[in-house]
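*Asks:* Taken in order, the sequence shown gives residues 242 to 657; the numbers are from the working numbering.
Don't take every hint at face value.
What the hints assert, rightly or not - Straight-line Cα separation of at most 30 Å, DSS-like style, residue types lysine-lysine; simulated pairs: (1) Lys247 with Lys268; (2) Lys304 with Lys389; (3) Lys304 with Lys247; (4) Lys261 with Lys304; (5) Lys424 with Lys621; (6) Lys424 with Lys519; (7) Lys329 with Lys394; (8) Lys261 with Lys621; (9) Lys535 with Lys463; (10) Lys463 with Lys477; (11) Lys304 with Lys576; (12) Lys621 with Lys535; (13) Lys394 with Lys463; (14) Lys453 with Lys477; (15) Lys576 with Lys477; (16) Lys394 with Lys304; (17) Lys477 with Lys389; (18) Lys424 with Lys340; (19) Lys389 with Lys340; (20) Lys329 with Lys340; (21) Lys244 with Lys300; (22) Lys244 with Lys329; (23) Lys329 with Lys424; (24) Lys268 with Lys340; (25) Lys389 with Lys519; (26) Lys268 with Lys244; (27) Lys304 with Lys244; (28) Lys300 with Lys394; (29) Lys300 with Lys389; (30) Lys268 with Lys477; (31) Lys453 with Lys519; (32) Lys300 with Lys247; (33) Lys247 with Lys261; (34) Lys576 with Lys329; (35) Lys576 with Lys300; (36) Lys535 with Lys244; (37) Lys247 with Lys424; (38) Lys394 with Lys424.
The hints are simulated quantities; they were obtained by calculation from the structure and are not laboratory data.
If you're wondering where the values come from, they're calculated on a predicted model, not measured in any experiment.
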Amino acid sequence: MTKDLKQAALDYHALPTPGKIGIAITKPCNSQADLSLAYTPGVAEPVRAIAEDEENAFKYTAKGNLVAVITDGTAVLGLGNVGALAGKPVMEGKAVLFKRFADIDVFDIEVDSDTSEQFIETVERIATTFGGINLEDIAAPHCFEIEKRLAEKLDIPVFHDDQHGTAIIIAAGLMNALELQSKTIEAAKIVCLGAGAAGIASMTLLVSLGAKLENLRLVDRKGVIRSARDGLNEYKQAFAIETDDVTLEDAMTNADVFIGVSGANLVNEAMLASMADKPIVFALSNPDPEISPKLARSVRSDLIMATGRSDYPNQVNNVLGFPFIFRGALDVRAKAINEEMKVAAVNALCALAHEPVPQEVLDAYQAESMSFGLDYIIPKPLDSRLMDYVASAVAKAAVESGVARAPYPAHYPQNV
């Protein structure tokens, strides 16, 4: 960032009021009568109703539209373990996106904890306040245990967006890219560089979509995750296969797909040149990808490429997913976000990218045209149709898979 941009970012967060979010009152509070309803004595009535039946909390409080965005600050953006408090601007930013794209209210919560156990206990004790929990910026491998145990303990959706949000957008873009390159997920050799939260979740979801474990190469700092390696944690061990591929260079040979969720400039020209015909490259490290689009296209004119940046085509951006996934889950009072709901979100994003792009989206991105193809494999974040497509698909999947406590909403599209 330039000096001017850094100062602009600080000013944006500081002025005219510190921070990016606040609390709005949703009912009249202009008279003594209003106040008597808002607080004492009128508030006693919903208290009694909820004490009698906890489901009434969804009727009389904001619980059903309230998500907690929670971090321990151990893996904040690309900045690492900066601590819980330093992660607060990011959590507030996540709250802005929830509200802007899906009209979901958020409390951001930063937890000072030394162990996974402390974090889990803290979240478990406050969870009754919320309709859903969005875990954010928690380092692997602790994030896997934290999410798993909270999902088992709580009866509301628990979703680690760095895992599943990233995985869902990657999977949607990849399924469309495979279609364009006349390939199938069942046959594709897929290399994933980065075996943290996003990498492992992405590979897990791709297996749910049909990828074959023997065709996957998950790569960390020590090379390919394979059966011959010792000291693998249980999450990496799930992807340890019998293979002669040891290095990233080995894995990239004849690969159909490269997914990078790692670091800048880790893929060179030779690796890219060794990939199969019509390769797919998702270089998602931010701000600098594993290989720059300009360099990649100078080596392979037959590739489809995506990055995590908004200034290149095919941005893999989590905002395409989490607001609408939670919207759908909250609107049917889902007890979880399960695999069926994740797959439904993938399929909805895939389908929307095939649809004609409305003028309002073209105007927002100052584009004359936009259509399904090499430079448009996933929808744009400012496409208002995401709500109809993704939220409704997730809600329907929740109902059909048995985790919903309310019916599919009447105001949602009925033909999904």
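*Asks:* Taken at face value, is the distance from the CA of Lys477 to the CA of Lys453 at most 30 Å?
*Replies:* Holds, because 16 Å separates the two Cα atoms, which is no more than 30 Å.
*Asks:* Holds or violated: Lys424 and Lys621, Cα atoms, limit 30 Å.
*Replies:* holds (24 Å)
*Asks:* Please work out if Lys329 and Lys394 have their alpha carbons no farther apart than 30 Å.
*Replies:* holds (26 Å)
*Asks:* If you draw a straight line from the CA of Lys621 to the CA of Lys535, is it 30 Å or shorter?
*Replies:* Given that 30 Å is the threshold and the Cα spacing comes to 22 Å, the pair holds.
*Asks:* Would the hint linking Lys247 and Lys268 be met if the CA-CA limit is 30 Å?
*Replies:* Measuring from Cα to Cα gives roughly 39 Å; hence the hint is violated.
*Asks:* Regarding the pair Lys247 and Lys261, is the alpha-carbon distance no greater than 30 Å?
*Replies:* holds (17 Å)
*Asks:* For the pair we were handed, Lys389 and Lys519, check the Cα-Cα distance against 30 Å.
*Replies:* It is violated: about 37 Å lies between the C-alpha atoms, which goes past 30 Å.
*Asks:* For the pair we were handed, Lys453 and Lys519, check the Cα-Cα distance against 30 Å.
*Replies:* holds (20 Å)
*Asks:* Given the proposed pairing of Lys247 with Lys424, does the C-alpha separation stay at or below 30 Å?
*Replies:* violated (43 Å)
*Asks:* Regarding the pair Lys424 and Lys519, is the alpha-carbon distance no greater than 30 Å?
*Replies:* holds (9 Å)
*Asks:* Given the proposed pairing of Lys424 with Lys340, does the C-alpha separation stay at or below 30 Å?
*Replies:* violated (38 Å)
*Asks:* Take the C-alpha atoms of Lys329 and Lys424, compute the straight-line distance between them, and say whether it is at most 30 Å.
*Replies:* violated (42 Å)
Going through the hint list in order, the structure does not satisfy hints 1, 3, 13, 18, 21, 23, 25, 26, 27, 30, 32, 37 and 38.
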